[in-house]
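Enquirer: The chain contents come next:
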Amino acid sequence: DAKTTQPNSMESNEEEPVHLPCNHSTISGTDYIHWYRQLPSQGPEYVIHGLTSNVNNRMASLAIAEDRKSSTLILHRATLRDAAVYYCILRASGTYKYIFGTGTRLKVLA
Amino acid sequence: DTAVSQTPKYLVTQMGNDKSIKCEQNLGHDTMYWYKQDSKKFLKIMFSYNNKELIINETVPNRFSPKSPDKAHLNLHINSLELGDSAVYFCASSQAVGVGTDSGNTIYFGEGSWLTVV
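Order-wise, the sequence lines are chains A and B. Residue numbers for the first sequence, in the numbering used here: 53 to 162. Residue numbers for the second sequence, in the numbering used here: 49 to 166.
So here's chain A without its partners, still in its complex pose (with noise of 0.2 Å):
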């Protein structure tokens, strides 16, 4: 299974953007790339998904680089409710499994 490393945490002040990293050197050419975040004492959600193409929707933006070796997911202005666990995740088109990593504790400063 292919295996993603981000970093265990990472701080940000209200209203201010937030880049947070992902790399899958060892992804396939069939890997989508996921992420989502869980909010304290809560299920896992979605929040944005890519392939190749950067990608933007109304939660956040995901940047992916051009060898795939790596993503970010861009919150553009982060909220006291941005406070969660990000999680970036590959899953090989046409599977079922959904590989967690150990995520990235986002805390945001007021």
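Keep in mind that the hints are not guaranteed to be accurate.
[Stated by the list, open to error] Derived SDA-like pairs: lysine to any residue, alpha-carbon spacing no greater than 20 Å straight-line:
{"#": "1", "chain 1": "B", "residue 1": "K84", "chain 2": "A", "residue 2": "K159"}
{"#": "2", "chain 1": "B", "residue 1": "K57", "chain 2": "A", "residue 2": "Q94"}
{"#": "3", "chain 1": "B", "residue 1": "K88", "chain 2": "A", "residue 2": "T57"}
{"#": "4", "chain 1": "A", "residue 1": "K149", "chain 2": "B", "residue 2": "K57"}
{"#": "5", "chain 1": "A", "residue 1": "K149", "chain 2": "B", "residue 2": "S116"}
{"#": "6", "chain 1": "B", "residue 1": "K84", "chain 2": "A", "residue 2": "R157"}
{"#": "7", "chain 1": "B", "residue 1": "K67", "chain 2": "B", "residue 2": "E159"}
{"#": "8", "chain 1": "B", "residue 1": "K100", "chain 2": "A", "residue 2": "Y148"}
{"#": "9", "chain 1": "A", "residue 1": "K149", "chain 2": "B", "residue 2": "K89"}
{"#": "10", "chain 1": "A", "residue 1": "K149", "chain 2": "B", "residue 2": "T154"}
{"#": "11", "chain 1": "B", "residue 1": "K92", "chain 2": "A", "residue 2": "I151"}
{"#": "12", "chain 1": "A", "residue 1": "K55", "chain 2": "B", "residue 2": "R111"}
{"#": "13", "chain 1": "A", "residue 1": "K55", "chain 2": "B", "residue 2": "M94"}
{"#": "14", "chain 1": "B", "residue 1": "K89", "chain 2": "A", "residue 2": "T57"}
{"#": "15", "chain 1": "B", "residue 1": "K100", "chain 2": "A", "residue 2": "S93"}
{"#": "16", "chain 1": "A", "residue 1": "K159", "chain 2": "B", "residue 2": "M94"}
{"#": "17", "chain 1": "B", "residue 1": "K70", "chain 2": "A", "residue 2": "S93"}
{"#": "18", "chain 1": "A", "residue 1": "K149", "chain 2": "B", "residue 2": "F90"}
{"#": "19", "chain 1": "B", "residue 1": "K88", "chain 2": "A", "residue 2": "T147"}
{"#": "20", "chain 1": "B", "residue 1": "K57", "chain 2": "A", "residue 2": "K159"}
{"#": "21", "chain 1": "A", "residue 1": "K159", "chain 2": "B", "residue 2": "K88"}
{"#": "22", "chain 1": "A", "residue 1": "K55", "chain 2": "B", "residue 2": "K92"}
{"#": "23", "chain 1": "B", "residue 1": "K88", "chain 2": "A", "residue 2": "Y148"}
{"#": "24", "chain 1": "A", "residue 1": "K55", "chain 2": "B", "residue 2": "I104"}
{"#": "25", "chain 1": "A", "residue 1": "K149", "chain 2": "B", "residue 2": "K67"}
{"#": "26", "chain 1": "B", "residue 1": "K88", "chain 2": "A", "residue 2": "Y84"}
{"#": "27", "chain 1": "B", "residue 1": "K57", "chain 2": "B", "residue 2": "E72"}
{"#": "28", "chain 1": "B", "residue 1": "K92", "chain 2": "A", "residue 2": "Y84"}
No wet-lab data here; the hints were simulated from the structure.
Following the hints, position chain B against chain A.
Expert: Here is chain B on its own, set in the frame of chain A:
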């Protein structure tokens, strides 16, 4: 309505007991999962069912037995509970996945069932 609901939310029980956690999804998904999150917060897949058929069975003790009476339900039964079974158990669901038809296949998680074995 909650998309993926699981009961009970909290469960405290003694070692050696048998307990079940129930899960239901109203999203019309074909695939359901059980994940376990231990005290170190690692989230590990345990089982996955697609249309009532077991498709993923990770290295889990056979004291854990999933049952899917229909594609909207996936229950988890645990026999002879041990202290190490204490964890948060998350049920989840997604659309079925097919090679070449991938659209991301978002997983929707329930709120978790906190199991404490004493």
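Enquirer: None of the hints should be skipped; say for each whether it holds.
Expert: Hints, one by one, checked against the model:
no. : hint              : result
1   : K84(B) x K159(A)  : violated, 24 Å
2   : K57(B) x Q94(A)   : holds, 11 Å
3   : K88(B) x T57(A)   : holds, 17 Å
4   : K149(A) x K57(B)  : violated, 25 Å
5   : K149(A) x S116(B) : holds, 18 Å
6   : K84(B) x R157(A)  : holds, 19 Å
7   : K67(B) x E159(B)  : holds, 18 Å
8   : K100(B) x Y148(A) : holds, 14 Å
9   : K149(A) x K89(B)  : holds, 18 Å
10  : K149(A) x T154(B) : holds, 12 Å
11  : K92(B) x I151(A)  : holds, 7 Å
12  : K55(A) x R111(B)  : violated, 29 Å
13  : K55(A) x M94(B)   : holds, 18 Å
14  : K89(B) x T57(A)   : holds, 16 Å
15  : K100(B) x S93(A)  : violated, 29 Å
16  : K159(A) x M94(B)  : violated, 29 Å
17  : K70(B) x S93(A)   : holds, 19 Å
18  : K149(A) x F90(B)  : holds, 15 Å
19  : K88(B) x T147(A)  : violated, 26 Å
20  : K57(B) x K159(A)  : violated, 26 Å
21  : K159(A) x K88(B)  : holds, 18 Å
22  : K55(A) x K92(B)   : holds, 14 Å
23  : K88(B) x Y148(A)  : violated, 24 Å
24  : K55(A) x I104(B)  : holds, 19 Å
25  : K149(A) x K67(B)  : violated, 26 Å
26  : K88(B) x Y84(A)   : violated, 26 Å
27  : K57(B) x E72(B)   : holds, 13 Å
28  : K92(B) x Y84(A)   : holds, 19 Å
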